[in-house]
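Can you make the complete structure from the sequences, with help from the hints?
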Amino acid sequence: MAGININNKCQTAYLFIILSLSFSRSLITKRWSSDVRLDGKTAIVTGANTGIGKETALDLVKRGARVILACRDMEKAELAVSDIVREMGGAKVEARKLDLADTKSICEFAENIYNTEKVLHFLINNAGVASCSYSTTVDGYEMQLGVNHLGHFFLTFLLLDLLKHSAPSRVITVSSSAHAMGRIHFEDLNSEKEYHPVKAYVQSKLANILFTRELAKRTAVLGVTAYAVHPGVVNTDLMRHIKRPLQLMFKKFSYFLKTPAEGAYTTLYCILTPDSELTSGGYYSGCAQAVCARAASDEGTALKLWAVSCHLLGICWR
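Just so we're aligned, residue 5 is where the sequence shown starts under the numbering used here, counting upward by one.
Honestly, the hints are just simulated from the structure, not real lab data. Note that the coordinates shown come from a computational prediction; the quantities given were computed from them, not determined experimentally. Treat the hints loosely; a few may be bogus.
As the list claims (entries may be wrong) - In silico DSS-like cross-links for lysine-lysine, where the CA-CA straight-line distance does not exceed 27 Å:
1. Lys122 / Lys66
2. Lys80 / Lys96
3. Lys168 / Lys80
4. Lys168 / Lys221
5. Lys96 / Lys45
6. Lys96 / Lys122
To be verified - Label-pair distances were calculated between CB atoms; the ranges are:
7. Gly93 / Val312: 44 to 54 Å
8. Lys221 / Asp165: 16 to 26 Å
9. Asp302 / Glu79: 40 to 50 Å
10. Asn116 / Ser86: 14 to 24 Å
11. Val312 / Asp165: 16 to 26 Å
12. Ser109 / Tyr199: 22 to 32 Å
13. Pro278 / Lys66: 17 to 27 Å
We put the CB at the ideal spot given by N, CA and C, even for glycine.
Below is the structure:
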């Protein structure tokens, strides 16, 4: 599927209305549950102070896992820890500082993890920003590309040795069905020539899936599997940067959106389902493997994006 032209403001509004109101399969909440325990397992969830990330962390804690909330805003993260402990007495949960818009912060977080943790079984790349006004990360990357893709790419790279040591382990990256409207703009990856908030967002979500595909190939013999998930259209604060009329539209029809707990289902499905029932590198939606856009299945694009990402971050990841 070729990228859709979304430069027109009316098309942008139409995109969000369709995403929020469509009675597509992504809005049908599949009732799914599992009694799998995770005692002795350790997980990191980025952006876990609110929304899907917080619900994911809470579920993992209830299953006996030790969970680290990796968050930019430590005040909100500590409040999330208090909420989880209040709901689940004796919870093994803590918050640590991670700003995915700053590679120095990512390095400091990874160093802290290696200094304190002996194992890491699940890395859940959940944090994200959407449709914000043009800005750049500390290192000069366009914010949505920098946080949603490059930040998690770099974090996974730094934590890979611990994931390998703890194998079998898994990396779950939260993408979106909106990836189908995206294209990797190698000629202007950082949107320096032209910026459109939705165009940048769908590019970053497409990058999440391409990263997952390539990661799965490179870690297949290491005992580390990788999955990309679409959580559905969820009633969270992810769309706080969109224009006010569209925010009101989301609020008015919030009844039709998934709750954050429901939005966490597919992430949890990819954490708890046996390896034999999952496909590493796959794209999952509605607690089942789903078909992604043709652009997300292009091995050449995935390989080129990997190389470009390494170049931008100044790393060598073979």
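Quick rundown of the hints versus the structure:
1. Lys122 / Lys66: Measuring from Cα to Cα gives roughly 21 Å; hence the hint holds.
2. Lys80 / Lys96: Within the cut-off at roughly 18 Å; holds.
3. Lys168 / Lys80: Cα-Cα ~31 Å, so violated.
4. Lys168 / Lys221: holds, 14 Å
5. Lys96 / Lys45: holds, 11 Å
6. Lys96 / Lys122: holds, 15 Å
7. Gly93 / Val312: 44 to 54 Å: Roughly 47 Å apart at Cβ, these two residues keep to the hinted range, so it holds.
8. Lys221 / Asp165: 16 to 26 Å: Taking Cβ atoms as reference, Lys221 and Asp165 lie about 18 Å apart, which means the hint holds.
9. Asp302 / Glu79: 40 to 50 Å: Given a distance of about 42 Å, which is inside 40 to 50 Å, the answer is holds.
10. Asn116 / Ser86: 14 to 24 Å: holds, 21 Å
11. Val312 / Asp165: 16 to 26 Å: Since the Cβ atoms of Val312 and Asp165 sit about 23 Å apart, the hinted range of 16 to 26 Å holds.
12. Ser109 / Tyr199: 22 to 32 Å: Since the Cβ atoms of Ser109 and Tyr199 sit about 24 Å apart, the hinted range of 22 to 32 Å holds.
13. Pro278 / Lys66: 17 to 27 Å: Holds: the Cβ-Cβ distance is about 20 Å, inside 17 to 27 Å.
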